[in-house]
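Going by the UniProt record's numbering, the first residue of the sequence shown is number 1, and it counts up by one from there.
To be clear, the hints were calculated from the coordinates, so they are not data collected in a lab.
Where a beta carbon is used, it is the ideal one built from N, C-alpha and C, also for glycine.
Among the clues, some could well be false.
[Unchecked claim] Pairwise CB distance ranges (calculated): (1) G116 / K305: 39 to 47 Å; (2) T109 / A229: 25 to 33 Å; (3) V228 / G170: 38 to 46 Å; (4) D164 / E61: 22 to 30 Å; (5) P393 / D251: 44 to 52 Å; (6) G98 / G45: 26 to 34 Å.
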Amino acid sequence: MTRKIRNFDALCSTPLRKDALTIAEAAYAAIDTGTVLRETLQVSGHTLTAGGKSYDLSKFERVRIIGFGKVSCRASQTMESLLKGHLSDGAAIDVQSGVCEFVDIAAGTHPYPSEGNVVASERIVELSKESKENDLVIVIVSGGGSALLCYPYDECEQGRRLYDDFKGAGANIEELNTVRRHISGVKGGGLAAMLYPATVLALVFSDIAGGKFPDVASGPTYFDETTVADAEAVLDRFGLKGYALNETPKDRSLFARVHNVGVVSNARAMEAMSVAARAAGYRVAGLKTDAYDGAMKLVENMFGKSAPGTAVLCASEPALKVASAGGAGGRCTHTALEALKRVDEHAVFLALASDGCDNSDAAGAIADKLTKQHVRERALSVEDSLSRFDSYPFFKQSGDLLTTGPTGSNVSDLFILLNRPAR
């Protein structure tokens with residue numbers, strides 16, 4: 001398979017770096033959207049089977065696809081390949097555009113929702129509301145969908161403000177999504193209610209730490225257990241005001257024809273990294289995949305488990321409390337910058353976004369003795385860049401950014417800490 005990391009060879013200047021990059025490539029290969037879909041779905045003649053349930057496609061008047069999130073373009077293309085001759089139409093919104101025969105793919109904005117997102121979402125809502133009892137609607141749900149699937153327009157305005165408020169407060173994604181459900185007409189089961197009485201097969205790609213498929217894209221096809229009171233409690237916790245909240249659908253009969261299937265999560269990436277690390281001769285120490293520790297705490301925990309000959313692995317999304325005047329970069333480059341303060345000549349730390357976009361055109365960064373050498377040569381300041389949340393320019397100048405471009409996959413951030421075996 002073609003490598004995802006475009007500058008693999010340029011970065012692969014030490015045996016330790018090569019090991020870390022090879023482990024990262026194993027994770028990318030394991031979570032490839034086309035691969036996991038083909039493993040999840042079985043198509044034989046007119047029969048589609050997913051999650052233990054079979055559908056006779058010949059009995060439906062229409063088979064439609066709707067999708068939202070960072071895997072929806074690649075997943076739609078794969079579904080068209082799998083369901084040739086059965087699809088009627090569809091619509092999806094992703095961060096990148098793509099070409100499909102039956103599914104209209106719109107490119108939207110992330111992490112801030114935009115008017116373009118609303119326009120694309122209106123098409124998805126239109127398809128949903130016009131679907132009938134004898135239709136099968138396959139819904140592709142993936143990370144990034146909370147910003148991309150944005151309806152009605154009021155949600156777009158509130159969503160932009162909410163993202164900034166939560167970024168400044170240091171709240172985690174679960175807290176953010178609790179509120180998102182209650183400013184939306186489609187999240188928290190709202191889309192499922194619109195689709196009723198059609199038959200719905202939702203294929204869910206989790207970017208949430210620990211899997212938690214009902215939380216992905218704020219749960220548009222799942223019955224929502226949270227209430228307006230829960231959303232208010234989150235807002236109160238962080239002193240946030242001025243949001244217009246609405247209740248999510250609480251009639252369980254609207255979900256009777258919905259079958260949600262978890263396709264992939266960060267657990268699969270962790271398993272692939274573990275196998276690759278052992279194959280390279282390392283003992284594996286893994287951290288929980290459901291933690292939301294800050295970057296500093298995550299680094300502290302990983303280095304606390306590190307010893308000669310170990311690979312410490314983690315798949316998570318560290319929470320960052322970003323100053324309003326924050327610079328450029330994302331969770332991964334910021335975490336790599338924290339790790340750079342601790343890494344010694346025997347270790348390498350790699351942080352990368354599984355979707356390939358760490359709030360920039362980079363997927364992440366690598367930190368080791370070579371990085372420190374580059375920092376000295378260019379007179380860069382770790383502490384200054386950390387304090388200004390300006391990690392992207394730092395690693396761009398040092399030459400230690402990882403680049404992949406959009407991967408079409410998304411299962412949270414991935415972290416690798418290797419400690420060279422004792423000689």
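Hints, one by one, checked against the model:
1. G116 / K305: 39 to 47 Å: The hint (39 to 47 Å, Cβ to Cβ) holds, given that G116 and K305 are roughly 44 Å apart.
2. T109 / A229: 25 to 33 Å: With a Cβ separation near 31 Å, T109 and A229 satisfy 25 to 33 Å, so the hint holds.
3. V228 / G170: 38 to 46 Å: Roughly 23 Å apart at Cβ, these two residues miss the hinted range, so it is violated.
4. D164 / E61: 22 to 30 Å: 44 Å, violated
5. P393 / D251: 44 to 52 Å: 51 Å, holds
6. G98 / G45: 26 to 34 Å: 28 Å, holds
Of the hints listed earlier, those the structure fails to meet are numbers 3, 4, in rising order.
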